[in-house]
Amino acid sequence: MSLHLSRQRQVSRAGALIGSCALVFLFAVPLYTGLLGALASPAGVADLRPWPTEFRWQNFLEVWKQVAFARFMLNSLFYASSACGLVLLVSIPAGYAVSRFRFPGRSAYLLAILATQMVTISTIIIPLFLLVVRVGLFDRAITVIVFSAALAAPFAIWMLRNYFDTLPPDLEEAAMVDGCSRLRALLSVVLPVARPGLAVTTVLAFTMAYNQFFVPLVMLSTTDRYPALVGVYTLARQVMVSWEVVMAATLLVIVPPLILFFISQRHLVGGLTTGFDK
Amino acid sequence: MGNSRWMAAAVAGWFLVGGVSAFAQDVELTICRPGYPERAKTFLEKALGEFQKTNPGVKFKIVDADWETFQSRIMVWVAGQQEPDIYVSPMQQFVDLAELGAYLPLDQYLDPALKADIPESLWWDMSRFTGGKGKYLSVAAAASTYTLWYNKKILAQAGLTRPPKNWDELVRFGKQIVERTKLPAIGMNAGRPFDTTQLLFGMLYFSGTNRPFVDTQGRAILNSPDAVKAVQFWVDLYQKHKITNSSPEQTSKGDLRLLFQQGKLAMHINNPGLLPTLAKITDLRSPETSTFLIGGPFQPSLSGHRAMNSTDAQQWVISAHTKHPDLAWKVLRYLLEPRWQNEHDRIQGGAPFRASILKSMPIDYAWILKPNAEEASNGLLFSPLIPRSGQFFQVLNKHLVEALLGQAPVKDALDRVAAEVNKLAGL
Amino acid sequence: MSVGRRSLVAFLYLGPSALLLASVFLFPVGDLAWLSVHDAHTAGGVKGFVGWAHYRELLGPEFFHVLRTTAIWVSISTLLSVAVGLVGALLLNRDLSCRGTLRALAFLPWAVPHAMVGVLWRWLAHPQYGLINRTLLLIGLVSEPIGFLSVKYAMATAIAMRVWKGAPFAILAILAGLQAIPPERYEAAAVDGADSWDQFWAITLPGIRGVLATTVLILAIWAVTTFDMLWVLTEGGPLGATEILPIAIYRLAFTAYDAGRGAAIAVVGLGISSGLAMLYYHFSKERIS
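Protein chains in written order, with the numbering used here: chain Z, 1 to 278; chain C, 279 to 705; chain E, 706 to 994.
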């Protein structure tokens, strides 16, 4: 009986392994094809084979020379880090207050945060655009930064609240007993301990801001203010597209969020599944 | 005490520096020649560099844009009042922008020499779009017609010594090419609204009907019996005779250019903008050395008349929001000098259309561009100057693709276009 | 601390975030309603009051097509994502030695920005140069390239792209749900003689019911609000084959420059995403207090 089961288990195990590998293989295909394109020459990119036939790694360097790619990446990093900073500035006190304080309107505030998820950027973009033009902030970095921050802030507030909830309140109570103001206690006692949660939130906010496409597409018009995502998009829809350049650029653009993703993977998994316990 | 003195000194120094830099500030003009960024940049840097030698206080910001980007951004740009001071306005939105008052009227600036040098058909009276507050809003930057280009090697492989000269031959030769070389005979694109009506469709429609899309009142005549015949012929090339590339509704004109350049397409309708692309592959200086040759519009037309072609024209404009209108005109007039216009045509791959250039200046690729220039003055303006022309092309393309894919009969599709277009025009 | 004092402190801590969020989310909603009853040109200003005219146009065939396209897009991509997610989670839940690496790789699509997903798939599905067509032609399975971005197949390609991006999330969520099921239940069932199929139906599925519901809703919300990857892939598809609600709004407002009509559609979109979000909160019973 046990021998029979063990063989059955072996077979099902092998099946699971094959299935998992097949799944991962399929998931890798689009990225693989990006790599194939990025490594091809201008002639080779029109004659693709399922396996790499050329290895023009210099395409990744040529991207920087051929198009204003350095400008695009610089813009992306600038917008993302500024937005991330704004998000943290706004969300840390908010998350902390919602976690620690009891005050009238607390539920209303939390409901309002949730409600922002019902309003999607594609629906409110028209009035936002008209407003931005009216106040003369069209085609400005600050516009993109503020909107990116506003889109990431609810998640950051929620995440930070959940995180602060896991920290015992005695932490700052102890400091306040010693004569510290709450703000001081927050800054000097709580935040250092909260570093893991802050790190995850920073990664989330940065990634969300970096991934913004729709907002810069609408709010910017000068090419050299475009973030990398919009820049690559304009490359891909030219009248005559150089696919090898576009693919190399695409892969380069994916690198920062990919790195951040892998670094924070463990923490991110933990942070997001807290919402799923029934 | 010492501290506040330092502060005062710092503040004073700040204002001093600020004031000096404000006075020494150069005037900056933004200029954009959309289309092919590398070519435009080459031309503008050269021309404006020369301009600056005699006008040192002027700084230029050259904005890069290919047509896709420019066409999709220009309205928003204008709404935000951020558009370049001097630019070439895309035909698709030319009238829309005029209706928005985006252009500076140029009536007071135009000189007789310039007016005489540019063909009459390229001076457009836009007063009905400005409510009479300005007649000439633009100056011609480029004008050319569409020609049949063919790959002589592929034709030879198919056993042909010359390109088709009329509609029957187009079908016959096309089938022979497909049969013997397995390559598509002629390029068809229907991927983007404005582009669809250029290239093959435009050649067939205009040379087949000898009429524009709308009459002088703006009423649609694109569903006349001649038009139905021409469009049906276009659809049949794909559906019935199968001599075009596959999936034309996903194919862009850029795709076709690449296919043609790579030798995967036998024939292709294009204007001389194709030249720089082909020049990378072959020596275009003479018919003997060039892989690619040109033929003319198919004669006679489908309706039996002498076939006419379509003229594609682009126009320079000055933004109505510019802070330096006189200077902007000075710069534009400089760029319009014959020697710079010639440079522009050479670098962009455009056919010459200025009388002074045609008369006395050397033209590269004369065997291609001279016939093209002759046809240009004979051609019909391809982009109608009608209200809401941007939407016109979207409506037209939508129904054309429906007919192309067999979702609607050609006559019905064109009738529907006519009805919607007349509605747009308020007729 | 008095209530008043507490409120003041809270106000100071919450103020900045409230200001940021209210100005970006709250103000436009009202403006949207106002715009939708006017004839407004995106670049040219408001032309006049038109009452219900825009909304009446929404009852026509054009908008119905957009709604239908959106419904197909949301339902099929969500269900497929969850299906793939379920299969993937079951596979990756097994005690395989390289499980960690496989999981990390399976989540790869999640890390790719939406707009770049669009670019990659546009390249993958390219009618002439894309890898799929090139491979099919090479093996000889087809004699002519397949138009993956044509009117017929664009939606299928887009859905495949959306599933590619969304399934990792479903895998993640369902995996967490699977791991929350106490293993004793399986052991007890095995003792009772149930085989793996029975175990799946009787223990696994009911155990992750809640997770499945919330995953479906989240994916549905993401689907209904997709813009980036779909716009980059097809810009609304040939002849509107992939024109879902957000794309219709953008196209109307920024290529046809009709801000009034765009606003009317946006109001409808608001209603739909709000409805889905409220459903989600009902199912997940998030802690609010």
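Since the hints were derived computationally from the structure, they do not count as laboratory data. One should not assume that every hint holds.
Simulated DEER-style distance windows between Cβ atoms [claimed, not checked]:
| hint | chain 1 | residue 1 | chain 2 | residue 2 | range |
| --- | --- | --- | --- | --- | --- |
| 1 | Z | 47 | E | 784 | 34 to 44 Å |
| 2 | E | 809 | C | 701 | 12 to 22 Å |
| 3 | E | 738 | C | 604 | 14 to 24 Å |
| 4 | Z | 47 | C | 604 | 48 to 58 Å |
| 5 | E | 772 | Z | 134 | 30 to 40 Å |
| 6 | E | 976 | Z | 169 | 52 to 62 Å |
| 7 | E | 717 | C | 604 | 49 to 59 Å |
A virtual CB, placed ideally from N, CA and C, is assigned to each residue, including glycine.
Now for the hints, and whether the structure bears them out:
Between residue 47 of chain Z and residue 784 of chain E the beta carbon distance is about 38 Å. The supplied range of 34 to 44 Å therefore holds. The beta-carbon spacing between residue 809 of chain E and residue 701 of chain C, approximately 57 Å, falls outside the hinted interval of 12 to 22 Å. Separation of residue 738 of chain E from residue 604 of chain C is about 46 Å and departs from the stated range, judged on CB atoms against 14 to 24 Å. Checked against the hint of 48 to 58 Å, the pair residue 47 of chain Z and residue 604 of chain C passes, with Cβ atoms roughly 54 Å apart.
For residue 772 of chain E paired with residue 134 of chain Z, a C-beta distance near 32 Å keeps the hint of 30 to 40 Å intact. Take residue 976 of chain E and residue 169 of chain Z: their Cβ atoms lie about 41 Å apart, and the range 52 to 62 Å is violated. The hinted window of 49 to 59 Å between residue 717 of chain E and residue 604 of chain C holds, with their beta carbons roughly 54 Å apart.
The structure shown violates the earlier hints numbered 2, 3, 6.
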